[in-house]
Every structure is written in structure tokens, then in C-alpha cells.
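**Q** All the letters of the sequence shown, read from the start, carry residue numbers 1 to 335 under the working numbering.
Errors might be hidden in some of the hints.
Unchecked claim - Between beta-carbon pairs, the in silico distance windows are: (1) Arg186 to Arg91: 41 to 47 angstroms; (2) Arg326 to Leu180: 42 to 48 angstroms; (3) Tyr136 to Gly218: 34 to 40 angstroms; (4) Gly131 to Pro270: 24 to 30 angstroms; (5) Thr327 to Pro270: 33 to 39 angstroms; (6) Ala223 to Arg135: 37 to 43 angstroms; (7) Asn24 to Gly218: 45 to 51 angstroms; (8) Ser42 to Ile137: 46 to 52 angstroms; (9) Arg326 to Glu48: 22 to 28 angstroms; (10) Asp37 to Arg186: 46 to 52 angstroms.
Please keep in mind that the hints were generated in silico from the structure rather than gathered at the bench.
All C-beta atoms in this analysis are idealised placements derived from N, C-alpha and C, irrespective of residue type, glycine included.
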Amino acid sequence: MLTVLEPEAMYPDTSVEQEVLGRNVRILHGGAPHDRDLSLLSDDVCAEVDGLFIFRHWLRAADIARFPKLKVVVRMGVGYDRLDRKTLAERQVRVCNVPDYGTMEVADHAIALALSLRRGIILHHDAQRRGAPWRYIDSPVIQRPQTRTFGIVGLGRIGTAAALRARAFGWRVVFFDPYLPNGVDRALGIERARSLHDLLRQSDTLSLHTPQTPGTIGMIGAAELALLPAGALVVNTSRGPVMDIEALYDAMKDGQVAGAGLDVVPVEPPALPLPRLMAAYNERAPWLEGRLVITPHSAFHTPEAWADIRRKSAETMRDVLVDGLRTNIIPPEGD
Numbered sequence: 001m002l003t004v005l006e007p008e009a010m011y012p013d014t015s016v017e018q019e020v021l022g023r024n025v026r027i028l029h030g031g032a033p034h035d036r037d038l039s040l041l042s043d044d045v046c047a048e049v050d051g052l053f054i055f056r057h058w059l060r061a062a063d064i065a066r067f068p069k070l071k072v073v074v075r076m077g078v079g080y081d082r083l084d085r086k087t088l089a090e091r092q093v094r095v096c097n098v099p100d101y102g103t104m105e106v107a108d109h110a111i112a113l114a115l116s117l118r119r120g121i122i123l124h125h126d127a128q129r130r131g132a133p134w135r136y137i138d139s140p141v142i143q144r145p146q147t148r149t150f151g152i153v154g155l156g157r158i159g160t161a162a163a164l165r166a167r168a169f170g171w172r173v174v175f176f177d178p179y180l181p182n183g184v185d186r187a188l189g190i191e192r193a194r195s196l197h198d199l200l201r202q203s204d205t206l207s208l209h210t211p212q213t214p215g216t217i218g219m220i221g222a223a224e225l226a227l228l229p230a231g232a233l234v235v236n237t238s239r240g241p242v243m244d245i246e247a248l249y250d251a252m253k254d255g256q257v258a259g260a261g262l263d264v265v266p267v268e269p270p271a272l273p274l275p276r277l278m279a280a281y282n283e284r285a286p287w288l289e290g291r292l293v294i295t296p297h298s299a300f301h302t303p304e305a306w307a308d309i310r311r312k313s314a315e316t317m318r319d320v321l322v323d324g325l326r327t328n329i330i331p332p333e334g335d
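Take these sequences, add in the hints, and give me the full structure.
**A** Here is the structure:
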């Protein structure tokens with residue numbers, strides 16, 4: 001009998017998982033709540049596990065060594081930067097993610113962040129909360145989408161959904177993604193930039209939708225932000241380390257970047273000392289009023305998305321561990 005473990009006990013029971021995986025798979029539930037690490041699991045439990053679900057935990061080499069029978073890891077989400085893929089590959093453990101949950105929610109969130117800033121909703125909300133006069137405010141952050149360009153880095157599932165939404169609001173949409181074949185732009189009715197720099201130079205609003213990999217960490221830094229048109233807006237719903245938050249502080253402080261919407265930050269949850277931008281945000285620095293909105297990596301969050309995570313994770317585990325399929329398998333690094 002195969003054994004799978006969901007260590008966080010994210011859901012109250014294992015009924016959905018048992019339904020999907022079948023009676024010949026034993027499901028272990030709990031043992032390492034999300035605010036702790038996998039060291040809380042007993043060696044006896046680890047020794048039985050063939051399949052492991054990972055949501056909030058980090059899975060490092062020392063953790064992997066405790067699972068001698070491990071065959072499959074399913075990351076219960078899109079990103080897999082929490083997993084030591086090199087060690088897992090050396091152990092010949094198959095690594096999967098769940099790429100088709102939360103697509104609509106994260107795309108909606110990215111557009112909502114952009115629109116709430118570009119239409120001055122955050123600006124006027126902040127002003128009214130401090131008792132400002134009952135009148136509109138002129139600001140570089142406010143623009144008409146129909147006269148501007150929405151740039152997307154990474155045209156995967158979420159990036160594509162965001163592109164379609166931005167196009168529906170009237171933005172001219174341009175993307176950069178070197179891994180996509182020719183013709184994607186024509187199929188979607190959008191435009192393709194030949195390079196990241198080409199994209200940045202024309203993006204009044206820049207939305208990041210790239211996974212975190214060694215090649216994407218810090219890909220948007222001071223030099224890249226300087227290429228954006230003056231008064232640009234930056235939205236990040238991908239991963240915090242993709243953008244240099246210290247460089248973003250400088251770009252916002254000198255006015256090069258008019259506003260930013262961040263659902264992700266480099267360290268989550270934030271730890272002291274905070275990045276300068278987050279510290280200024282928490283202190284309600286006057287120069288940031290209406291220019292910055294931060295949400296706690298909640299772009300995916302709806303009841304429907306949580307249900308999708310649960311069922312689609314179980315289906316992926318069934319396909320790969322039980323049926324020997326290649327559903328959602330992530331290639332080893334370098335492949």
C-alpha cells in the first residue's frame with residue numbers, strides 16, 4: 001500500500017484526497033502545522049511516505065533525507081522555489097506543481113492592483129482617510145489605460161489571463177517571454193517584445209508573471225526600472241525576489257516609478273529589518289500616499305481556489321504516484 005502525507009492538515013479531513021487517490025492509498029494528515037517546520041515529523045512517519053504534499057513548508061536537503069521511500073512531491077501551488085530540486089533530482093524523486101489553480105484570481109488581482117492605482121482609488125481613499133478636502137487630486141499615478149501600454153513579463157497561464165483582461169480594459173498589451181513559440185501574440189491579439197529591455201521602454205504599467213528561478217531572481221533592478229517611461233506603475237503578483245525592492249524604493253522616491261502594487265515581497269512573512277519601502281509604507285510616509293498598495297501574498301485567495309488546490313493536488317499525486325503518468329511534472333533544473 002502506498003502512503004502519502006499532507007503535513008499541514010490544511011483541510012479538516014482527508015475525504016477528498018481519499019476519494020481521488022482510492023482506497024489502496026493510505027493518507028497521513030498533519031504533524032507539521034504551517035507555522036513550524038518538517039522537523040516536527042517523527043522518523044517513523046517519514047519512513048513510510050511515498051508521496052508528499054508541500055504547501056507552505058520549505059523542503060531542503062536535510063528534510064528530504066528523512067524520507068527514504070519518497071517518490072513524488074506535489075507542490076500545492078504554481079511556484080516550486082521552496083523545493084530543493086537538485087537534491088530531489090539526485091534522489092530521482094518526481095516533482096510536480098499545480099499550475100491550473102488560482103489562474104483567474106491572480107490575474108484579476110494584478111489588474112485590480114493596476115486599476116486601483118491608475119484610477120486614483122488608492123490615492124483618494126488614503127487622502128479621504130486622513131481628512132483631506134473633498135476634491136480630486138492630480139497625480140502622475142493617474143492615467144487613462146486606453147492611451148497607454150501594459151507590459152507583461154512571463155506569458156504563462158496567469159500572464160495570459162492578465163493580458164486578456166488588460167486588453168479588455170483598452171490597454172495596448174505587449175509581453176516578453178523568450179520561451180514561447182512565434183504566433184502566440186497573434187493568437188491573443190497582443191504584441192511581442194524582442195527583449196526585456198524593449199518591453200520595459202514601452203511599459204507604462206509593468207506586470208510581473210514569471211516564476212522564481214536562478215535566472216529570474218533580481219531580473220527587475222535599478223537599471224531595468226530606469227528604462228520604464230517616467231510615471232510608470234509596477235505590479236508584482238509572481239515572487240518577491242524577482243524584483244529588487246530596494247531599487248524600487250529608490251525609483252519611487254525619485255519619481256521615476258509613480259506607483260506599485262505588490263502581492264509578494266522578498267521575505268515572507270516580512271522580517272526585521274524591513275526593506276525601506278515596506279518600512280515607509282507601514283509608517284504611512286506622506287510621499288507614498290496613494291502610490292503603493294501591498295497585499296499579503298493573497299492574490300490566489302478565494303474559497304474556489306482553495307478547493308481547486310485540494311482536488312487538483314490530489315489528482316496530480318494520483319496520476320504520478322499511482323498511475324505512473326507525467327501530469328504536471330517539473331523537469332530537473334537545467335533540462
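**Q** Between the beta carbons of aspartate 37 and arginine 186, is the distance compatible with 46 to 52 angstroms?
**A** 48 angstroms, holds
**Q** Falls inside 22 to 28 angstroms, the C-beta gap from arginine 326 to glutamate 48?
**A** 25 angstroms, holds
**Q** Determine whether the Cβ-Cβ distance between alanine 223 and arginine 135 falls within the hinted range of 37 to 43 angstroms.
**A** Cβ of alanine 223 to Cβ of arginine 135: about 39 angstroms, so the range 37 to 43 angstroms holds.
**Q** Are arginine 186 and arginine 91 spaced within 41 to 47 angstroms by their CB atoms?
**A** 43 angstroms, holds
**Q** Given the range 42 to 48 angstroms, decide if the beta-carbon distance of arginine 326 to leucine 180 lies inside it.
**A** The hint (42 to 48 angstroms, Cβ to Cβ) is violated, given that arginine 326 and leucine 180 are roughly 21 angstroms apart.
**Q** Tell me if the beta carbons of asparagine 24 and glycine 218 are separated by a distance inside 45 to 51 angstroms.
**A** At 46 angstroms between Cβs, range holds.
**Q** For the pair glycine 131 and proline 270, does the Cβ-Cβ distance stay inside 24 to 30 angstroms?
**A** Distance hint for glycine 131, proline 270 holds at roughly 29 angstroms.
**Q** Between serine 42 and isoleucine 137, does the C-beta distance stay in 46 to 52 angstroms?
**A** 59 angstroms, violated
**Q** Taking the Cβ atom of tyrosine 136 and the Cβ atom of glycine 218, is their distance within the range 34 to 40 angstroms?
**A** 38 angstroms, holds
**Q** Range first: 33 to 39 angstroms. Now tell me if the beta carbons of threonine 327 and proline 270 are that far apart.
**A** 35 angstroms, holds
Hint check: violations occur at hints 2, 8; the rest are consistent with the structure.
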